[in-house]
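Spelled out from the first residue to the last, the chains are:
There are 2 protein chains.
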Amino acid sequence: MENRVTRLLGIQYPIIQAGMVWTAGWRLASAVSNAGGLGLIGSGSMYPDVLREHIRKCKAATDKPFGVNVPLLYPDIDQHMRIIVEEGIRIVFTSGGSPAKWTAFLKSHGITVVHVVPGAKYALKAQDAGCDAVVAEGFEAGGHNGREETTTMCLVPLVCEAVSIPVIAAGGIASGRAMMAAFALGAEAVQIGTRFVATHEASAHLAFKQAVIRSQEGDTMLTLKRLVPVRLLRNPFFQQIQEAESRCAPVEELQALLGKGRAKKGMFEGDLENGELEIGQVAALVKDIRPAAEVVQEIWKEFCEIKEAICSWPL
Amino acid sequence: MENRVTRLLGIQYPIIQAGMVWTAGWRLASAVSNAGGLGLIGSGSMYPDVLREHIRKCKAATDKPFGVNVPLLYPDIDQHMRIIVEEGIRIVFTSGGSPAKWTAFLKSHGITVVHVVPGAKYALKAQDAGCDAVVAEGFEAGGHNGREETTTMCLVPLVCEAVSIPVIAAGGIASGRAMMAAFALGAEAVQIGTRFVATHEASAHLAFKQAVIRSQEGDTMLTLKRLVPVRLLRNPFFQQIQEAESRCAPVEELQALLGKGRAKKGMFEGDLENGELEIGQVAALVKDIRPAAEVVQEIWKEFCEIKEAICSWPL
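So the protein lines, in turn, are chains A and B.
The numbering used here applies: residue 3 is where the first sequence begins, and numbers increase by one.
The numbering used here applies: residue 3 is where the second sequence begins, and numbers increase by one.
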């Protein structure tokens, strides 16, 4: 399929694997890129030297385009950006912060920049900052999320209306049918996180992957809204947060409860009791752990099948 | 378009107007039915004699199928059900309660029954109770809503997977594009509320309709989660609720604050300060007050156009 996003990124299918912390290393990114999608290395959980190692291994593992996701609030961001330029990365997805500061820097090095937004006003700012495209990420997405709680169904048309650069939909998408829904709403590509957590190549702990595929409807919830809203899988740690929030515990208590390293503990070390388990609502529809290439192929196949089905409707 | 829902309801287009309180009287319902969709009278804000009057006026205004929405927790439900049977209503949409009690009664009078659900497990119960179809209503919908917070994008596939009866999508749908998205996810019809509030025939107060079309992204929020979750437009009354909830006010205080008659005050009397303004997230995409027939025609036209566009994609 050829459209503005496949041309911009030089990919075969408009399917982008989200650069998730503790999950999206070189194995996952290269597997997705080799399958014709766009793989992203999630730098948000990597020290600078670890990021460099992942970039080099990814380059060795694929000759297809891949990119790096950079959370803009990352403390070592200067070093990350330097490494990205030194290693010749051509595509960067930024998230969680203002695109004003770093977009011009990346563009001056000829890098394609895509920014992740939870609302149309942020999409406009990204366009004004010079971004080449935006990811419109809905309320149902896993991990950190916007305060407006706008769902993918409402967000994608709002962002498409606000900007002229291409829009990539994220949140609630794990199938070809949902990909078609996103395209019907105006998106030109999809960014998929949760479905790629449940792959062999994801660096997340097997216990976390198994918890994801076991999860049912209602098992994720957007929480910690008084700090930074984040969608988590229900577990004992989540229940502790809920208990504290239900009695209006002070923000300092919530911060202390969250502490440091909870995401690593949960997603990378597989501590399902005490860890922070970031995952999207669509986990309820994910039922198996598969090779990432099969996920890309299945989503694309179903997307083509639903296209044919739609064309056959006598209207 | 012919599918299981259009055949079940005897309608031309698989577009159903939600039976909203204070908004969906005989004028709106008959206008939508005359335009080829299914109009629903919202009985939840009507005394029994008012309901009978609306049914009779609707019958006089259209010879097309129309129905009545009945909230199952309505105090006068016995009288409502008796009137529905006496007046020869052929289609009932039930919501907000268990379908176990009333479905068999309605079916025994040859009435088609559709139940509104916020989750797959409730859809299964509706199917088991003998309902002919379900409405899967996502988190983004206006008014009362489920505790799981499952969005339309995730909910529709989950419900389609759980039941074999037809699924009607609701929440976030105000355009032909969104209708196509719902169909791609597996729905066979859409139920639309918010877009029909902003019509000439809606019985809601003009001040409320104007507030709806003025509203922007982020202007609605799901609130009162400790009572019954409800999505409201932000206004001074909403701010009072937020203030009370932010300090964990006791449930009794929230109940006293809500009081009685807030929905009528806001939506029917147009008190934008003190009234409860129930509306969906998609209000941010609704920009004008139009005749209901034009809304039906425009949505259908855009649905057909997006179908043609999808068919033209070279995959």
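If you are wondering where the hints come from, they were derived from the structure by calculation, not from laboratory data.
Hints should not be assumed to be uniformly reliable.
Using 25 Å as the maximum straight-line C-alpha spacing, the simulated DSS-like pairs for lysine-lysine come out as follows [unchecked claim]:
1) K309(A) - K289(B)
2) K289(A) - K289(B)
3) K266(B) - K66(B)
4) K123(A) - K266(B)
5) K309(A) - K66(B)
6) K109(A) - K123(A)
7) K59(B) - K289(B)
8) K59(B) - K289(A)
9) K227(B) - K227(A)
What follows is a set of in silico ranges between Cβ atoms, one per label pair, in the way DEER data are often shown [said to hold, decoys possible]:
10) D65(B) - R149(A): 35 to 41 Å
11) E163(B) - D65(A): 37 to 43 Å
12) A62(A) - A311(B): 39 to 45 Å
13) G99(B) - E245(A): 50 to 56 Å
Being a predicted model, the structure only gives us computed values, none of them experimental.
Beta carbons: idealized from backbone N, C-alpha and C, even for Gly.
Q | Hints that the structure is at odds with (numbers, increasing) | A | 1, 2, 3, 4, 5, 7, 8, 10 and 13
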